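Asks: Residue strings, one per chain:
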Amino acid sequence: MYSKEFVTNVYRTLLTIRVFETECIKLYRQGFIRGYFHPYLGEEAIAVGVCAALTDKDYITSTHRGHGHCIANGANLDKMIAELLGKKDGYCKGLGGSMHIADTTKGNLGANGIVGAGIPIGVGAALATKIRKDDAVTVTFSSDGAANNGVFSEALNLAAAWDLPFILVLENNQYAVSTPIKESTREVELVKRGESLGVKSFRIDGNNVFEVYETTKEAIRICKEEKGPVLIEAVTFRHGGHHVNDPGLYLQKEELDYYMSKDPVEFARKYLIDDLGLNESEVEEIDSIVNKQIEDSIEFAKENGEMSSKEFLKFIENY
Amino acid sequence: MYSKEFVTNVYRTLLTIRVFETECIKLYRQGFIRGYFHPYLGEEAIAVGVCAALTDKDYITSTHRGHGHCIANGANLDKMIAELLGKKDGYCKGLGGSMHIADTTKGNLGANGIVGAGIPIGVGAALATKIRKDDAVTVTFSSDGAANNGVFSEALNLAAAWDLPFILVLENNQYAVSTPIKESTREVELVKRGESLGVKSFRIDGNNVFEVYETTKEAIRICKEEKGPVLIEAVTFRHGGHHVNDPGLYLQKEELDYYMSKDPVEFARKYLIDDLGLNESEVEEIDSIVNKQIEDSIEFAKENGEMSSKEFLKFIENY
Amino acid sequence: MKELMYREALNHALLEEMRSDDTVFIMGEGIAERGGSFKVTVDLLKEFGSQRVIDTPISEASFTGAGVGAAIAGMKPVVEILFSDFTMLIMDQLVNQAAKFNFMTGGAGKVPMVLRTQGGVGNGLAAQHSQSLEAIFYHIPGLKLVMPSTPKDAKGLLKAAIRDDNPVIFLEHKLLYMNKGLVPDGDYIIELGKADVKKEGSDVTIIAWSNMLIRSLAAAEKLEEQGISVEVVDPRTLVPLDKETILESVRKTEHVVIVQEAIRRGGIGSDIASIIQEEAFDYLNAPIKIVAGLNTPVPFNLNLEKIVVPQEEDIISAVQNLVGVYQE
Amino acid sequence: MKELMYREALNHALLEEMRSDDTVFIMGEGIAERGGSFKVTVDLLKEFGSQRVIDTPISEASFTGAGVGAAIAGMKPVVEILFSDFTMLIMDQLVNQAAKFNFMTGGAGKVPMVLRTQGGVGNGLAAQHSQSLEAIFYHIPGLKLVMPSTPKDAKGLLKAAIRDDNPVIFLEHKLLYMNKGLVPDGDYIIELGKADVKKEGSDVTIIAWSNMLIRSLAAAEKLEEQGISVEVVDPRTLVPLDKETILESVRKTEHVVIVQEAIRRGGIGSDIASIIQEEAFDYLNAPIKIVAGLNTPVPFNLNLEKIVVPQEEDIISAVQNLVGVYQE
Ligand SMILES: Cc1ncc(C[n+]2csc(CCOP(=O)(O)OP(=O)(O)O)c2C)c(N)n1
Ligand SMILES: Cc1ncc(C[n+]2csc(CCOP(=O)(O)OP(=O)(O)O)c2C)c(N)n1
Ligand SMILES: [Mg+2]
Ligand SMILES: [Mg+2]
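Each protein sequence line maps, in turn, to chains A, B, C and D. To convert, count from 1 in the first sequence and add 3; that's the working numbering. To convert, count from 1 in the second sequence and add 3; that's the working numbering. To convert, count from 1 in the third sequence and add 1366; that's the working numbering. To convert, count from 1 in the fourth sequence and add 1366; that's the working numbering.
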């Protein structure tokens, strides 16, 4: 049984991601956001469960579907939305956008537009902490599609050969754009790839935030008391298309219905009410705080200015 | 029990590789051969056992340690040695050298100076045969070090996802230059990587030419009657350093002694005498034929001319 | 003649070549059922089936390598890489394998593969989805490099590329796919290595390709109104490069502006300039001006994205300066 | 001052920087116990242990990526890739990650990593172990590019590269490792972006770097005997490029020969030529001559290997032609 405080925090973060994505998709449709936008809707439990187990000393690296990781890792929402809008007080001064948000002050080493590329970068952060003897782990979020990119096995093997405090969290949402996982690999239990490299590996329900949290804690323990790396394959599903402009018609209805019935936000909400005895209005209180916060951040971002071309030219002077 | 004819052929080929490497190393020391030269000494049973199961319709791709594959696949020794000497009637007109020998007329798509790079190329040849419905398989020779290069898992997964008639033969000689395998991977049974991808995988004694042969036949059967790919990890050991100029002092004496006692050429010779009842002089007859052939090829290569600069400039006109 | 979009022209090229040659097949991410992210391969699955229209996992290095292997083994693969930025994952297979196999085998082997990809800035796709990387391929002996600017060229050049015995990098531009233009009916090819004078003129030569060709033509029109007669040369294929057509134009106009979307430092424009100054030194009335992308990754912000690659105004003012300052 | 081999000078640079900065560490294939294939890292394992002198599996993309990650996380990795040809396996991590991280984070993050590798033709190493690929790195904004020609430069520049906050490609040449030269004692650095006039002269400027600098100096000596006064400029770092020193020399001599080992098409020489003709057009008395590698992969045969890259005689005759033909 988890404490009220803990679950409230978990729920708030899950909901923040949910509302963030939902509202930002609206901004996208209104033309405020451009470029690629890959929503994390439906997968929130993974980022939230993992990051709930991390401390400020730990590092994460993220994916093209990175808003959830960023938020769960404690990012400032003003700066996030400003970045999505290309504004000057965004995390990357508007130069990065959705696919490149990073928050190095909190150890978030960045989203990535190249599927799989964050894995070796995460291994490197883990290597840094090992050399320095930091009391820290590095979590790299990755995806089922990325498992077919060479660096997945290559970098995980490296982390294993070097006993690094590295946790590879594979968000297996069972599709890479429109390609179902069974078409791109014969063995759909990706966890076996970790085992084949001598890596302690877990396959879990990625929609259950507590299971994700507990597995991450165990992974951290293994990294610190035995030896890393650890692979966590968290099975989940998108609530929609690959990106904002993809209706996702190829998703199988039964699958989608099934995962909708396991919605991670609803799950935590129900836990608060059924298991911890909060009443509806207490939960709605949280809801309205979250909604308000995102409203304010959108407001902030819309009013925020852009980097001037003069500032930009100065910024790139040394390239 | 194998036939006299079969084993005689096997022995002759094993010995041809042995003598070829031994004599060419002398040529190297005399300055006739330049660049990198990676001898196949000690590993002969793999190339010979595999290629004994192949037909002319099948393809192979090779490695930086490729002389054995080339010979076992039926290459012309004159052209091979001429190539090592950079001569104009060499397989590549002297432009390729040891690391790039190919014999496309026999389906040998080439050695490779980039460790691992031949794997996707082999997958592509297998794909070609599948599209054309050729009655053929493709064998890619590869190495333990290559298993840590991303394309190993990536390409094997591709072959599995596409059910290709592809056989990946991993020559696990337990070292990559001076690095012992246990330093570069935690799980030294590389066969597990194939299994984790849903690929039928075998780990065998790479010094036993008959075991290699039988496993390859079974792999071909799987490719044709069930579905490929197949991974064969053939465990073996080098008889010396990584290349001609490496004394290989890091090799453990007990290991080396052990594998010397399992010498593949001696093994076949003994089989001919002990199991098939040939007498010493019959075997020596084979030996002298092999020696003579290589002597002649060296002679040929030494007398062969070089491509002129004029011919060369014409050759590169369109690059 | 029929009016087609660039992407339709490419589609027709694939369709026709696949019909006429059984060894042609295509592979890439989402190219089969989904018809590709830029809709170039729509409907091909229906006609040719999944053996010749192949969806791939996210395994760029290996499926490109598989293209190389299939090509060596007698097929004619057309491999698609979604964004040219991702070619950075396949460089070993392109540079060390595909480009060199014919050479390393002394001419015995060949790699008749086409690598289709697309580059350039689009609409806020940021630093990892907006690069113009053609200069890298240009520098690798053994690779051909094609960058069509119009639907007609796109079709004719893709057909020629597929029929070529060598690996060809076929580089499209994300902003061109919806452009329309007249395309001859049926089978025709445009030989690799033939530049096209897209507009004749006498005062200055603009050399540009891909999307910059379109922008240069628009600039040229405005410049004509100002009384400056501009010749616009589209090399179409950068390797092989049609030096003769370029030099002929230079000898006529004596003023050269090269427009490239790629960054200035080490771009193809520099190389073309180096050739012109070496082979037509005495004809040049003024330094060759290179209008190019700034030396920077591409920013996400749309206004900044605009300033990092040449716009119509940049081309116009470069020509004005060149002709104005040096004209007697 | 002490006479050291190029490889010893590099070794000293690593040793000193690792002593003075705990965050500096090195990794690569066979660099620890074995001391590296070119003996640059000998004895470092002994002093710094296996946590800071790390042997890697054959996993180039990932250990380079690990360098990028470690750098972002506050370390200063020096990553070794055995042959520059193998950098084709790490291009995504270099081009899309290392080079762009600082930019994409709006300056918040940085990647102080040095990528040491070596290129050039050697002794029959053939097409996949002999390439000169610097033009590729040169074209990628966000990467610095250093190519030292002497032991002194090698040490001072490697130390500067390690201290730099940006990713630096440090490109050695396989034929230089055993070259000897005087090296100042103790700690010194050579600032990135400062060319060095290796020899003064007045008739013609030769611009060359890495092994071609050595060859150009030898050629210059012979040319002096023939009465031609040659200035030899070594840019030392191609990015940043010291344009001023180059242009100053050009304004003085009015004749330029650029010598590069890389193939002619799309090489750095073309870019330098394009800059010179743009910024010193009126000073040029003759076309800029680029003496470069032929447009071909490198052949295995030793005699043919010689003809594909510039030799001393090629440089001499290029200068003779240039000065002879155009001299009054
Ligand atoms: C190396 C690379 N290849 C292709 C792409 C284009 N792309 C972007 S996301 C994506 C699908 C990724 O699927 P998956 O890895 O399962 O992650 P998911 O989107 O499901 O979270 C593709 C193909 C890319 N960004 N990088
Ligand atoms: C991609 C790549 N990295 C490094 C090298 C340098 N190299 C050549 S052979 C070799 C060792 C290969 O070991 P392994 O793969 O086990 O094959 P073996 O030599 O044992 O047959 C290395 C590191 C290379 N040629 N290619
Ligand atoms: Mg997925
Ligand atoms: Mg080995």
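Rather than coming from a laboratory, the hints here were simulated on the basis of the structure. Because the structure is a prediction, the values reported are computed rather than measured. Where a beta carbon is used, it is the ideal one built from N, C-alpha and C, also for glycine. Heads up, some of the hints might be wrong.
Restricting the straight-line Cα-Cα distance to at most 27 Å, the calculated cross-link-like pairs of lysine-lysine (BS3-like) are [what the hints assert, rightly or not]:
1. A:K256 <-> C:K1672
2. D:K1672 <-> C:K1476
3. C:K1476 <-> C:K1546
4. D:K1540 <-> D:K1518
5. B:K265 <-> A:K203
6. C:K1540 <-> C:K1618
7. C:K1476 <-> B:K317
8. B:K7 <-> B:K273
9. A:K195 <-> B:K203
10. B:K7 <-> B:K136
11. D:K1412 <-> B:K185
12. B:K195 <-> A:K185
13. C:K1565 <-> C:K1546
14. A:K109 <-> A:K60
15. A:K185 <-> C:K1412
16. C:K1540 <-> C:K1368
17. D:K1565 <-> D:K1618
18. B:K317 <-> C:K1565
19. D:K1476 <-> D:K1368
20. B:K185 <-> D:K1405
21. D:K1588 <-> D:K1546
22. A:K109 <-> D:K1476
23. D:K1588 <-> D:K1618
24. B:K109 <-> B:K185
25. B:K7 <-> B:K295
26. A:K136 <-> D:K1412
27. B:K230 <-> A:K195
28. C:K1672 <-> A:K305
29. A:K91 <-> D:K1546
30. C:K1405 <-> C:K1546
31. C:K1405 <-> A:K29
If we take Cβ atoms under 7 Å as the criterion, some of the chain C residues that face chain A in the derived model are [to be verified]:
32. M1367
33. G1396
34. S1425
35. Q1494
36. L1548
37. P1550
38. Y1554
39. N1661
40. P1665
Asks: Taking the numbered hints from earlier one at a time, note which ones the structure violates and give those numbers from smallest to largest.
Replies: 1, 3, 5, 6, 10, 18, 19, 24, 29, 32, 36, 37, 38
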